[in-house]
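From just these sequences and the hints, can you work out the full model?
Sequence order for the protein chains is U and S.
If you read the first sequence in this note's numbering, its first letter stands for residue 1, the second for the next number, and so on.
If you read the second sequence in this note's numbering, its first letter stands for residue 1001, the second for the next number, and so on.
Any given hint could turn out to be false.
[Unchecked claim] Here's a subset of chain U near chain S, in silico, CB distances under 10 Å, partners left out:
no.: 1; residue: M34
no.: 2; residue: R46
no.: 3; residue: L47
no.: 4; residue: G50
no.: 5; residue: L52
no.: 6; residue: A55
no.: 7; residue: R57
no.: 8; residue: R78
no.: 9; residue: L79
no.: 10; residue: R82
FYI, nobody ran anything at the bench for these hints, they're computed from the structure.
In this text, a Cβ means the ideal position worked out from N, Cα and C, and glycines have one as well.
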Amino acid sequence: MPSSRSKAFLPLPVAEYHILVTLADGTRHGYGIMSDVEARSAGSVRLGPGTLYSALRRMVERGLIEEAAPDNAESERRLLYRITTLGREVAVAEAQRMESCVAMIRRTPLVGRMEPA
Amino acid sequence: MDAGRSSRVARLLAQLVRAYPPAFRTRFRSQYEDVIQRLAGEPRHQGWRGRLALARWLIADAAQAAPAEWKHLAQTRVESSASFTRHRGTGDRMDTLWQDLKYAARSLRRAPGFALVVVVSLALGIGANTLVFSVLDGLVLRPFAFPDANRLVAIGATFPKISGDRQYIEVLSPPEYLDIRQGTRAFERFTAFDLGNRTISGGDRAERVFTAFVWNDPQVTIGLPPALGRGFREEETTTPGSSVAMLSHRIWTSRFGGDSSLVGRAIRVNGVPVTVVGIMHPSVLLLGADLWLPMSADPQDIPRQARQWAILARLRPGVSAEAANRELAEVARRTEAAHGAEHDVYVGWRLEATPWAEALSSRGGIRMAAFILQGAVFLVLLIATVNVAALLLSRAATRGHEMAMRRALGAKTSRLTRQLLTEGVLLSCVGGAAGLAIAMGLMGPLTRALPDLVLSMGIEARPNLRVLVITLIVSVGTGLAFGLAPAFTLAMRRTAQLIGTGTSRTTLSRRGRRVRAGFLVTQVALSMVLLFAAGLLFRSLNELKRVDLGFAPDRVLTMRVSVAREKYPREDIIPFIERLVDRIGAIPDVQSAGAATQYPPLNVFQSTLSLAGEPPGSQTARQVDVTNATPGFLTTLGTRLQGGRMIDATDNEQSPRVAMINETGARRFFAGRSPIGERVFLGDSASGAAVEIVGVTGDVRNRGLDAPVAPELIIPARQQQVEGNNQYYFLVRTTGEPMLTLPAVREAVQREDPDQPIYAIGTVERDIGNSLLGRRAAMLFLAVFAGIAVTLACVGIYGLVSYSVNERVREIGIRMALGAAAQDVRRLVLRQTLVVVVLGVLIGLAAALGASGALRSLVYGISPTDPVTLLAVALLLPAVGVAAGMIPMRRATRIHPVEALREE
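Shown next as structure tokens:
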């Protein structure tokens, strides 16, 4: 069950949701996040660098993710991002929220023809 | 190749990070750059399409994300500043300013006449100032936007034996260039060039273009890389046989449509194929040369007296112009010692380096005229500010009551002061903006009106940042200064005093009135100076138009023909030109035609002359203009034969060498006796054959309308001094409008040789007009400024008189009630106006006489202190001033006594 503290973050902006999903798989740097999001969504979601770092800034400030220094020398240019426990909770809560939205739509006769994915 | 390009694209696109707030930038810049670099490296972002798609996507991304970041920043700011004001309780600064502005706007709306006069005054003053300063900045102060332009110099030479004027263009010979190169260490690089004309073909038409022949790539000296391709290699310019060329950026775009594949291809120059190796940087337009060819010769192989080169040099960093000039003086001294015996022109010659921009803009008196204009404009600005000051002052006085009330109601003096300042600054900023708009609007037309000569040098006049900043300083400064003055009075007085003055309505204190009258006196005096200057130039132009030219300038078509040496061997050049003259002369509308190497009003070719019995080229050699002409030339020009005979077709290569001399030459060289039959020698070499003078022509103005006639020799073209000279001007006298015969003239030339271009087409009248252009422009400007100044002064006088009429409504009413006639009242007001105007005129007279020295170079035929002009101006101003005072005065005489008394 999603905790009440994660509810405050919902609904989550699309970019932040995708970033959380990607980071749930492991830490990544900016370009890694971009290409992963694009690959996962089969090219339908492309985050531009501005959108990406704007979202990362917000998410760090709100405690959904945290910065992690990489072990190699390129620390400045390839800063890593890691999901926090709160981030995981929020991602799950957002997924559940969307799921219930979808379920609600399926129950509606007009759009009932939608096949389960 | 592509990898390099994509990293360049990445660097460019990484600049998008600038769209974000500083905090975001510092935090994410390197990551942002890293991502863009990787994106640019992706296979899908290769090729121009891919790069374009990437750029489009990134820009859209920034357009979306950056505003969000700024909004975020603003929110955090508001939060923190809100807490700040809560704690400190002083957060209403901005509110106060806003309130002041609103109040100022409202109170100005209530006095639209006042606001309008102030804004118009400032707009005219600032507009004119900005306009002229922009032009001045472009032409004189910083005409060439070259890197480190102050280290770029032209080397000027002065030959006292020739003319005594320092010249920069076509003045030095290649051996002298080598002397300078080897004898100095102050310069890091030199470029020497000679100017000429070449016909380029290829494409649809043959075209004559201004051409520079160079040693050492000028682009390196100037410090700007070529726009495309490469510059000349050193060896290309010094060894014969290199067939390469560079084109100016402007001809590349205008004639070749900016086709980048032109580089590496061949074009034909005078029929010979030449490979284009590069396109010049757009800013590099040395004296308007469109085609650049290497000299392709060793400077050593060219004779010392072939002085047709100019030298452009770059000073080493940190080397002063004085140090360079010391070295140049030493070079001149050594050359004189080494070659002075053989070439006596070296006696006393001087070499000096002058900043390139200055050297060029000193041509044609542009510099002088521009500075006079700047002075005039400064006066206009002064008048405008004086007007504004007077208006603001009297307004402050009339608002004494209001201020007193507000102070009594608890407003602090500082608050009221700020209010007055805000009003002043608001007014002057509106005026400044209007002025800037005027300047921008007029810049284009003005630039187009500049002489072609100026524009062909590659000089541009346009409004720039410096001008903008200066305008801003001037307008805000005016507002502050004159908003402050009333504020100062306010601070000095006690409330009771202010209320006291307020009760008797709007009265200016005695001192205030005197200050205002003083301002008006200044305005009238300044207008007087401008009017006088405009008047002097107007009279000078009239004098110049009355000058006896010595020939008839009307209905003469002029054009230039350069015979291609590749096509006509030197002995065929003159016969070809004569055939052209014959064909043109046979056109029905043509009275006569002739050709010559130069024609009035401006000769350029000179030589030295020695009389029989004197050693040629010795100390006694005299300066003389030498014109080579076909027999029809003097007839076409309409010069008078004063003695002897005209040169004619019998004077050819085989016949004895003959010449005609003008009256000035006859008088100067043969004092008293007839020159006919005398023998002279030309040039400074002893090899020249004797020339017999066979005729005397009447003087023509050959050094411009305003200079004395120079001695001149006319030599038959077939016996020309410089063998193989291939450039002739054609003069064609027509029965009707000369330009209408141009098609027939072209056709005649084409029939003789279809490939022969004619160019520099004009009329003698136009040449004369052009020679007066600088003067005419200066006069026009001064007249406009004088007009503005007088208008502003009249506005001031009108203001003063109507103000004092208003002020004295009661007094006038009582006087009239007591039986004073309208005439008496009129006299009262008139006296007030006249005192101001006459005082202004007297001071103006003194100032005008003092300033007239600056105009000396532009004044012709009259004294710079011309009494006629002075008198006319001194009479005009009081007349205009009284007329301006008349308008409010009429109101005064119509005051009804009862109404006047009731007004209280």
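Outcome of the hint check:
About 7 Å separates the beta-carbon of U/M34 from the nearest beta-carbon of chain S, less than 10 Å, and the hint is met. Below 10 Å, beta-carbon pairs count as interface contacts, and U/R46 has one with chain S at about 7 Å; its hint therefore holds. Contact between U/L47 and chain S, as hinted, is supported at the beta carbon level, the nearest pair being about 8 Å apart and thus within 10 Å. Interface restraint check: U/G50 against chain S, minimum CB-CB distance 3 Å, threshold 10 Å, status holds.
Because the smallest distance between the Cβ of U/L52 and any Cβ of chain S comes to about 7 Å, under 10 Å, the interface hint for this residue holds. Restraint check, U/A55 versus chain S: the minimum CB separation of about 9 Å is within 10 Å; hint holds. With a least beta-carbon distance of about 7 Å to chain S, the hint placing U/R57 at the interface is held under the 10 Å criterion. For the restraint placing U/R78 at the interface with chain S, the shortest Cβ-Cβ distance is roughly 7 Å, inside the 10 Å limit, so the hint holds.
For U/L79, the suggested interface contact is upheld, since its CB lies about 6 Å from the closest CB of chain S, less than 10 Å. Annotation: U/R82 was flagged as interfacial toward chain S, and the flag is violated, the nearest CB pair being 15 Å apart, outside 10 Å.
Hint 10 from the list above is the single one not met by this structure.
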